[in-house]
Structure formats: structure tokens, C-alpha cells
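There are 4 protein chains.
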Amino acid sequence: MSEPIWNKFLTERDKAVFETSGYGARQGFGKRPALLIIDVNYAFCDERPMPILESIKRWRNSCGEDAWVAMPYLKRLIDKAHEKGVPVIYTTGVRRADNWDSGSWRWKNDRADEDRSNRPETNVDGNDIVAEIAPGPKDIVIYKQKPSGFLGTNMASYLTLLGCDSVIVTGTTTSGCVRATVLDAFSLNYRISLAEEGCFDRSQASHAINLCDMNAKYADVVKTSEVLEFFGSLPSNLFDLPKGAPVAPHPSKR
Amino acid sequence: MSEPIWNKFLTERDKAVFETSGYGARQGFGKRPALLIIDVNYAFCDERPMPILESIKRWRNSCGEDAWVAMPYLKRLIDKAHEKGVPVIYTTGVRRADNWDSGSWRWKNDRADEDRSNRPETNVDGNDIVAEIAPGPKDIVIYKQKPSGFLGTNMASYLTLLGCDSVIVTGTTTSGCVRATVLDAFSLNYRISLAEEGCFDRSQASHAINLCDMNAKYADVVKTSEVLEFFGSLPSNLFDLPKGAPVAPHPSKR
Amino acid sequence: MSEPIWNKFLTERDKAVFETSGYGARQGFGKRPALLIIDVNYAFCDERPMPILESIKRWRNSCGEDAWVAMPYLKRLIDKAHEKGVPVIYTTGVRRADNWDSGSWRWKNDRADEDRSNRPETNVDGNDIVAEIAPGPKDIVIYKQKPSGFLGTNMASYLTLLGCDSVIVTGTTTSGCVRATVLDAFSLNYRISLAEEGCFDRSQASHAINLCDMNAKYADVVKTSEVLEFFGSLPSNLFDLPKGAPVAPHPSKR
Amino acid sequence: MSEPIWNKFLTERDKAVFETSGYGARQGFGKRPALLIIDVNYAFCDERPMPILESIKRWRNSCGEDAWVAMPYLKRLIDKAHEKGVPVIYTTGVRRADNWDSGSWRWKNDRADEDRSNRPETNVDGNDIVAEIAPGPKDIVIYKQKPSGFLGTNMASYLTLLGCDSVIVTGTTTSGCVRATVLDAFSLNYRISLAEEGCFDRSQASHAINLCDMNAKYADVVKTSEVLEFFGSLPSNLFDLPKGAPVAPHPSKR
Chain W
0 MSEPIWNKFL TERDKAVFET SGYGARQGFG KRPALLIIDV NYAFCDERPM
50 PILESIKRWR NSCGEDAWVA MPYLKRLIDK AHEKGVPVIY TTGVRRADNW
100 DSGSWRWKND RADEDRSNRP ETNVDGNDIV AEIAPGPKDI VIYKQKPSGF
150 LGTNMASYLT LLGCDSVIVT GTTTSGCVRA TVLDAFSLNY RISLAEEGCF
200 DRSQASHAIN LCDMNAKYAD VVKTSEVLEF FGSLPSNLFD LPKGAPVAPH
250 PSKR
Chain F
0 MSEPIWNKFL TERDKAVFET SGYGARQGFG KRPALLIIDV NYAFCDERPM
50 PILESIKRWR NSCGEDAWVA MPYLKRLIDK AHEKGVPVIY TTGVRRADNW
100 DSGSWRWKND RADEDRSNRP ETNVDGNDIV AEIAPGPKDI VIYKQKPSGF
150 LGTNMASYLT LLGCDSVIVT GTTTSGCVRA TVLDAFSLNY RISLAEEGCF
200 DRSQASHAIN LCDMNAKYAD VVKTSEVLEF FGSLPSNLFD LPKGAPVAPH
250 PSKR
Chain B
0 MSEPIWNKFL TERDKAVFET SGYGARQGFG KRPALLIIDV NYAFCDERPM
50 PILESIKRWR NSCGEDAWVA MPYLKRLIDK AHEKGVPVIY TTGVRRADNW
100 DSGSWRWKND RADEDRSNRP ETNVDGNDIV AEIAPGPKDI VIYKQKPSGF
150 LGTNMASYLT LLGCDSVIVT GTTTSGCVRA TVLDAFSLNY RISLAEEGCF
200 DRSQASHAIN LCDMNAKYAD VVKTSEVLEF FGSLPSNLFD LPKGAPVAPH
250 PSKR
Chain U
0 MSEPIWNKFL TERDKAVFET SGYGARQGFG KRPALLIIDV NYAFCDERPM
50 PILESIKRWR NSCGEDAWVA MPYLKRLIDK AHEKGVPVIY TTGVRRADNW
100 DSGSWRWKND RADEDRSNRP ETNVDGNDIV AEIAPGPKDI VIYKQKPSGF
150 LGTNMASYLT LLGCDSVIVT GTTTSGCVRA TVLDAFSLNY RISLAEEGCF
200 DRSQASHAIN LCDMNAKYAD VVKTSEVLEF FGSLPSNLFD LPKGAPVAPH
250 PSKR
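Residue numbers (numbering that gives the first Met the number 0), protein chains in the order written: chain W, 0 to 253; chain F, 0 to 253; chain B, 0 to 253; chain U, 0 to 253.
Misleading hints may appear alongside valid ones.
One copy or any two copies: either way a pair holds, since identical chains are not told apart in the list.
[To be verified] Derived lysine to aspartate or glutamate pairs resembling DMTMM-like cross-links, with alpha carbons at most 25 Å apart:
no.: 1; residue 1: Lys242; residue 2: Asp112
no.: 2; residue 1: Lys137; residue 2: Glu82
no.: 3; residue 1: Lys7; residue 2: Asp100
no.: 4; residue 1: Lys222; residue 2: Asp164
no.: 5; residue 1: Lys7; residue 2: Glu18
no.: 6; residue 1: Lys137; residue 2: Asp124
no.: 7; residue 1: Lys56; residue 2: Glu46
Honestly, the hints are just simulated from the structure, not real lab data.
Sequences and hints are given; from them, build the entire structure.
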């Protein structure tokens with residue numbers, strides 16, 4: 000592994016500690032993975048690449064241009080998974096129109112109620128997955144209200160149904176929903192890899208250190224190319240995927 | 000709030016992003032808190048204050064001297080909670096003697112099997128809570144195997160039984176079990192404060208950035224003195240606590 | 000309590016056992032209840048009162064006329080809860096158009112795939128809550144895929160957000176989703192009452208015996224009139240309810 | 000299948016309904032099962048076969064002689080699982096000495112506090128698994144506080160770790176912890192069979208009707224001989240079992 004992105008945020012003592020604690024071992028891939036695309040929707044990406052400090056004015060959760068740097072990596076992962084019949088599971092948010100169910104989110108963010116207000120400048124729904132990587136008819140979409148893709152959802156039931164032993168996780172934010180999803184997958188004893196270039200965050204330090212934490216304790220942080228190679232090595236059509244259901248049209252076309 | 004510990008790890012862009020995203024609002028305390036003391040056991044603290052790089056040779060999970068800097072803060076919190084009849088819930092680990100149930104932990108740590116090997120130099124069990132802050136007969140001890148104090152435990156059931164609306168979380172590691180516990184409490188819509196000086200980690204950057212992430216999104220990071228003042232302001236004996244039981248080991252250890 | 004409905008299904012030994020085991024104690028109501036209306040949708044009720052053996056030909060899950068005997072009781076409970084500002088939480092099912100996510104349901108029912116097939120005789124969606132008791136703008140609707148209203152949903156998070164200590168459960172089927180929801184509420188230490196006349200099932204013996212089991216171990220089976228009286232005794236507007244939102248379909252159905 | 004035990008408790012209408020609803024289909028075994036032995040401890044079995052109405056005076060949860068009729072079936076299942084290297088997971092209860100954590104159990108049972116009182120007539124711990132079928136060093140024991148073997152435990156994490164796609168469930172009580180465990184396994188999309196003769200309950204009607212409900216909706220109720228045959232058909236040593244940990248001695252020998 001080349002110099003990891005987090006090294007420049009660590010203290011010298013931290014580097015020495017990580018070297019001796021035994022953490023950061025490489026666990027390797029499993030045999031039956033699902034690809035998890037976490038929260039790559041307009042609220043986190045904006046509708047086009049915009050400097051983050053501009054973008055964040057409209058979309059308080061935006062990660063700005065970094066989202067769009069990640070997009071082609073995400074697309075390659077999804078395309079390859081489709082090609083091999085590997086399950087692709089998307090997560091995104093869902094809220095009542097009156098935002099009551101934002102619950103604890105609202106307590107920590109002064110702009111939480113903007114999500115449901117009228118936005119004169121756009122008619123995109125922030126929870127819509129961005130069109131460039133939008134789910135196809137055999138993909139699985141999980142609607143959630145809290146950081147983890149497992150909490151308050153049927154994710155665990157779906158992974159059992161698919162017979163998965165492992166997950167490839169990527170998307171956004173690294174320090175938020177990606178990490179929360181990784182944590183639950185780890186706690187359920189799934190083997191986890193993170194496709195590094197597909198992960199993004201609005202905070203650079205949080206992005207780097209959360210990758211560091213996850214790589215140390217819960218998951219392998221690997222290059223997207225390694226995941227693609229791994230997918231390529233799998234037998235085709237290992238999984239009993241959904242037969243296919245019509246997907247709602249892109250919101251701009253409704 | 001004085002300059003937070005995490006600012007020196009953030010980039011300039013990060014600071015600007017956090018300022019405008021709306022995150023980091025102060026939510027305030029609830030009305031019926033429980034105090035959660037996460038994993039303050041010998042495996043994370045060693046048996047005495049030792050330089051971390053020394054300590055970590057014996058106890059791979061040790062946070063070294065920082066654990067012992069936190070100890071008096073933890074003690075003050077626990078004492079005040081006892082005085083007012085606020086529930087104190089401790090978590091610590093539990094493992095089979097053959098370590099089978101370490102599961103995914105073992106995949107990521109080359110030294111995972113040391114936990115169960117003979118230790119000529121000590122007969123302390125790493126999962127024992129350190130004597131200086133050890134639970135009393137009316138305290139609640141939760142044995143867990145994964146980072147979160149909620150996952151695979153009765154934590155949620157206990158909080159309902161106690162009628163809690165909030166938790167004060169502290170202990171170790173900030174980036175590991177503290178964060179995982181905070182995340183689940185957040186997802187269950189409990190109001191959360193972190194007693195900052197009681198939190199510790201083996202990585203300095205992880206400690207700081209995880210406090211930053213949690214303060215931004217999930218919890219208020221506050222000084223221990225604020226929590227003590229808050230406890231002081233509560234009516235006494237709000238809770239129907241356990242009558243008191245001799246502290247029992249996990250049944251598998253009897 | 001008058002002779003309970005289940006007595007005629009019990010053996011003499013059973014009655015003697017229940018008398019001496021200590022089970023069946025009355026726990027009483029809590030202080031902050033939510034009303035849970037479980038799965039009162041067209042799939043379980045049909046569109047009008049029909050003899051069950053007729054109805055079940057069209058709707059394999061139908062409970063026939065018993066659903067419509069329960070309906071006025073359900074309506075009274077809901078109206079009273081609305082009047083007092085007690086939260087009303089409805090559950091109903093949700094499925095992909097290709098029925099992949101029926102998972103284990105399909106393994107046990109030869110007619111599972113009918114749910115998604117064309118129904119020349121109706122254009123009602125089986126998962127729609129029946130119009131007679133349909134949710135209003137301040138009510139909460141939970142979409143689920145498995146029996147319990149808690150599993151794979153945000154029910155627990157909502158009950159914490161509302162500060163509930165108890166639930167009044169009613170709806171259908173007594174032996175299926177009602178029981179599963181009661182079981183999880185019990186396990187989370189919520190105090191539970193079942194409004195008896197609002198509960199219905201397609202099997203008479205299952206209805207009676209499941210009420211018996213729940214009354215013995217998990218919940219008080221009480222008359223609807225007792226619940227109404229209890230609601231009447233509560234202070235008004237104890238809860239921070241949703242401000243009100245147009246009732247939205249599950250996002251997958253938009 | 001011969002006349003099922005529950006038929007004599009059903010009404011004529013019930014039989015007609017079950018025949019047409021599509022429920023009760025046979026799902027068949029999975030490929031990687033675990034054997035779950037639910038709560039076969041002294042509290043539910045007494046220390047020897049005793050008429051239930053006698054036994055229940057001492058052990059309020061006792062199922063009396065039926066427990067001991069089941070015992071040889073349980074033993075055969077466990078022996079065969081051991082022979083083939085199929086994982087055997089036992090559940091049993093655990094409580095604080097002051098019984099605080101009985102929570103909602105205590106609300107519904109007038110005799111709940113007996114569990115912890117002195118018992119002049121015995122020094123057996125009710126939560127100890129009966130010696131005749133006690134766990135061996137490679138077996139897994141899960142301590143729980145609520146009916147389901149999944150709730151508040153690491154059961155789901157263990158099943159993922161073992162790579163199980165299915166569970167064989169048996170033990171006690173049919174209407175209590177067996178049913179609750181089956182329900183959660185169903186909801187997580189595990190394939191489930193119940194070994195009928197190994198299941199027992201203190202109520203005859205509850206036993207029969209809960210088998211009926213589970214067979215209709217969640218699990219196959221099969222003869223123990225079928226499970227033994229199925230185990231016999233499996234390749235040996237499919238699983239990465241625990242290496243073996245010393246098991247605490249029988250309580251009478253401590």
C-alpha cells in the first residue's frame with residue numbers, strides 16, 4: 000500500500016502506536032459480496048460539481064466537487080457488479096414532509112429544517128440518488144433515516160437472503176453513513192472492504208481519519224481497481240437477484 | 000467553548016465547511032440521563048499509568064497514560080451520579096476462552112489471540128473494569144462483544160425500563176466503542192453528551208477527530224464540570240434503580 | 000374479567016397450570032402511551048365485509064368479516080387518541096413489484112406471488128390502509144416487511160422520540176403481526192395493553208390462544224372501553240406530535 | 000404428515016381457512032444449519048420428571064414431565080450434530096441477583112421474584128442447562144433476558160460468522176422462547192425447521208397452536224427423525240466451530 004491518505008493527519012506517536020498494536024491487518028475479500036452504495040444522492044453531491052463552500056449554501060450536506068471525483072469510480076464498481084450479477088444495494092434517506100422524523104438530526108444542525116422547505120432554485124429531491132449512478136431494475140434500494148444502512152432497515156435480512164458473507168462499501172459520507180454502515184456490518188461479522196476512491200466527505204480530516212480508523216479496526220481500505228479485479232474473479236451469477244422491478248423515473252422527468 | 004482539541008487536525012477548508020453546514024449545534028441535556036462508562040477495563044488502561052508504547056506491548060489495546068489522566072474525571076462523574084441516584088451503566092468485553100467469538104475482530108488484528116494466552120506477568124483479566132472506578136451493587140454492567148454498547152446487549156431495554164431520554168457517554172476508546180455507542184444512542188433518538196476529559200484513545204488524531212465528528216453530528220462534547228453541574232441540578236432519586244446485587248461476572252465466567 | 004375467549008380452547012390441565020404459574024398478572028397502563036394500529040389494510044380486510052372463505056379466494060391473507068367487526072372499535076380508539084393528542088402509529092407492508100423482498104414469506108405460502116399479480120377485479124393495493132380508519136396528517140405510518148412493527152423499522156427510535164413508556168396494540172393478525180409487535184415491545188420493556196375487540200385473525204383458535212399467550216406473559220388483554228377510559232384520563236397534548244404532513248406512500252411507490 | 004397435533008384445537012372453519020390460504024407450504028431444509036436448543040434448563044424442566052402441577056409449585060416456569068419426554072429427542076439431535084460438526088447453540092437465561100433486569104417479565108407474573116429467593120429444597124440454579132444435554136466445549140451458549148434468542152444477544156453475528164443459512168430450533172417453551180426465536184430467524188430470512196418432539200410447553204393448547212402458527216407461516220414442523228436424517232446427509236465438518244473452551248461444571252459439583 001502506498002502512503003495512506005491519513006498519515007499526514009496522524010501524530011508521530013499515533014504512527015508508532017498503529018505499528019505495534021496489531022491493528023490494520025489485511026483481512027481480504029469474502030466469497031459472496033454485495034456492493035453497498037451509501038447515500039450518493041443530490042443532498043450530498045449537489046446536481047453538478049460545485050466548489051464545496053458554494054454548494055453547501057444550497058445543500059447543507061453537500062460534499063462539493065469531491066462527490067464528482069468519486070462518481071466515475073462508483074460507476075465502474077456498479078457496472079462491474081451488474082456484469083457479474085453481484086448484488087448492488089443502494090441506501091438513501093427518506094423523511095416526512097413535516098420533518099418530524101428527523102429526530103436527533105435536528106438537534107445537532109441549525110439548518111435541518113431546510114431539507115423540506117421550498118427551494119426556488121431547484122426541484123430536485125435531495126434524497127434522489129444521482130442520475131449518473133442511479134439504480135437499475137435488479138438493484139435494491141434501502142430507505143433509511145439514521146446513519147447506518149442497517150438500522151431501521153431490512154439490510155441484515157437481505158444479506159441473509161442473498162447468502163452474502165461480505166460487503167464492499169463505498170459512497171458518502173466517509174465519517175457518517177459509510178462509517179456507521181461499516182460498523183454494523185463489522186458487528187454482524189461480515190467481511191468488509193472499502194473502495195477508497197468512491198468514498199467522500201465534506202471534511203477532509205474526517206474523511207482521512209475515518210478511513211484510518213476503519214482500516215485499523217473494521218475493514219480493508221482498498222483501491223477501486225482491486226475491487227474490480229476481485230469482482231472479475233468471481234463466478235458469474237452467484238446470486239438469486241431480484242427479477243427486476245420498474246424504477247421510478249428521474250425526478251426531473253416526473 | 001474554548002478552542003476545541005480537534006481544530007489543530009482540521010484543514011482550513013474543513014473549518015469553513017463546519018462553520019456553514021449548520022452542524023455542531025448544541026442540543027443540551029435531557030431530563031432523565033443515564034451515565035455510560037464505556038470499556039474502562041485493564042485491556043484498555045493497563046494496571047497502572049505506563050507510557051503507551053511500553054504499555055501496548057503487554058496490552059495491545061492499551062491507551063497508556065491517557066487512561067489514567069481520565070480516571071479522576073470518571074470517578075467524579077460516577078460519584079456524583081451515585082449521589083443523585085442517576086443510573087450508571089458500565090460496559091466491558093466478554094470472550095470465550097478459545098476466542099472463537101472474537102469473530103471479525105480477529106480478522107483485523109494480528110495480535111487478537113494474545114487476549115486469551117497466558118500472561119506470565121499478570122493475572123488480571125483484561126475485561127475486568129479497573130478497580131479505581133469499579134461498579135457498585137446498584138450499578139449495571141453490560142457485557143458486549145462488539146464496539147457498540149447497544150449491539151447484542153439489553154442496553155435499549157434497560158434505558159426504556161429506566162425511562163431515560165438521554166445518555167452521558169464517556170470512557171474508551173473515543174474512536175471505537177465510545178463512538179459506536181454514541182451512534183446507536185443517536186439513532187435511537189437519545190440525547191447525548193460526551194464528558195470530554197473522561198474520553199481517551201490510543202490514537203491522538205483519532206481521539207480528536209472522532210470528538211469533532213460526534214460533536215458535529217451526534218452529541219454535545221462538553222466539559223466534565225458541566226455534566227457534574229447538570230447532575231447536581233437534577234432532583235434526587237428520579238430513577239427506579241436496581242436494589243443492589245453483588246457484582247457478578249458474566250455467566251460464562253462463573 | 001369475564002370468561003376469556005381462550006378458555007374454551009384450553010385443556011383442564013392448562014387452566015390449572017395458568018392458575019398456579021403466576022402468569023397473567025395485570026400490569027396496568029403506563030403514563031405515556033402510543034396507539035399502534037397493526038396492518039389494517041385491504042390485504043387483511045378485503046374491501047368490504049365478506050365471508051372469510053369467499054374473501055380468502057381473492058385476498059389470501061383476508062380475515063373476512065371479523066375485520067369489519069373490529070373496525071368501529073379501531074375507529075373509536077383512533078378518534079379518542081386524536082382528541083387527546085396521543086400518538087397513533089400505523090403499520091402496513093411494502094414490497095417490490097417483483098416480490099423479491101418477500102423472502103422467507105414466500106417459502107411458506109404457495110400463493111405468495113399473487114400479491115403482485117394483476118387483479119382484474121380490483122385496483123386496490125393490498126398494502127393500503129383501509130379508508131375507514133386511514134391515517135391523518137399527524138399520524139405516523141411505518142412500512143415493514145416482516146411481522147413485527149419494530150423489525151427493520153424506526154419504531155423504537157420513534158417511541159424514544161415521543162418519550163413513550165407504553166403501547167396500546169391492536170389490529171391484525173392477532174397471531175402474526177400483532178403478536179410479533181407485542182413481543183418486541185415487551186422485550187424492549189414497554190408496558191403493553193391489547194384492545195381486544197380491535198384484534199382479529201383468520202384462524203379462530205390462533206386468535207384465542209395468541210391472546211391467551213400474550214395475556215399470560217407479555218401484555219394485558221383489555222376491553223376497548225377500558226382503553227378509551229384510560230385515554231380520557233390522560234392530560235391533553237402530552238406529546239410532541241408531527242406538525243402534519245400529507246400522507247405519503249413509501250418512497251418506492253412514488 | 001400424519002394428523003398434526005394442533006388439528007384437535009382448530010375449529011372447522013380454521014381448517015378450511017388454512018387449506019385455502021396457501022399457508023403451511025413446506026420450505027425444506029437449508030444447506031448450512033445450526034441446531035438451536037432453547038432454554039432447556041432446570042427452571043423449565045425441574046430436576047427430574049415431575050407431574051407439572053407438582054413441579055410448578057417449586058419452579059413456576061416448569062413444563063413438568065413433558066420436558067423429560069423431549070429430553071431423549073434433544074439428546075439424539077445434539078449427538079448427531081456433534082458427530083457431523085453442525086454447530087449447536089444453546090440459549091438460557093441470566094439475571095442479576097436483585098432481579099432488576101427481569102423488567103417487563105415481573106409485570107406479568109406474581110411469582111417473578113421467587114427466581115432469586117432462597118430455595119431450601121434445592122441448590123440448583125434454574126438457568127443451568129440440564130445435565131443430561133449440557134453443552135460441550137465446542138458448543139456455543141447464549142445468555143439472554145428476553146424470549147428471543149436473538150434479542151439482546153450476538154446470535155445474528157454468530158450465524159453470520161458460521162455462514163449459516165438455516166436453523167433447526169427446538170426446546171422450550173414452544174409458545175414462548177421457541178416461538179420468539181423462530182420469529183426473529185424468520186424475519187432475518189433464515190430457513191427454519193422445528194424438531195417437533197423436542198419442543199415442549201406448560202400449556203397443551205399453547206404448544207399445539209403455536210406449532211400450528213409457526214408451521215403455517217414461519218417454519219416447517221418436522222419429526223426429529225427427519226432432522227437426524229438431514230444431518231446425516233450433510234458433509235462432515237462444514238463449519239469452522241470453536242476450538243473448544245472448558246465448560247463450567249454442573250452446579251451440583253461446584
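Do the hints match the structure? See the list:
Taking the shortest alpha-carbon separations for lysine 242 and aspartate 112, only the inter-copy value of 13 Å comes in at or below 25 Å, while the best intra-copy value is 38 Å. Proximity of lysine 137 and glutamate 82 under a CA criterion of 25 Å is satisfied intra-copy only: 12 Å inside one chain copy versus 41 Å between copies. In this assembly of identical chains, lysine 7 and aspartate 100 lie within 25 Å of each other by CA distance neither inside one copy nor across copies; the values are 39 Å within and 35 Å between. In this homomeric assembly, lysine 222 and aspartate 164 come within 25 Å of each other (Cα to Cα) only inside a single copy, at 20 Å, whereas the closest approach across copies is 31 Å.
Taking the shortest alpha-carbon separations for lysine 7 and glutamate 18, both the intra-copy value of 15 Å and the inter-copy value of 23 Å come in at or below 25 Å. Taking the closest pair of Cα atoms, lysine 137 and aspartate 124 come within 25 Å of each other both inside a single copy (22 Å) and across two copies (22 Å). For the homomeric pair lysine 56 and glutamate 46, the shortest alpha-carbon distance inside one copy (13 Å) is at most 25 Å, but the shortest distance between copies (49 Å) is not.
The structure is inconsistent with hint 3 alone, although it conforms to all the rest.
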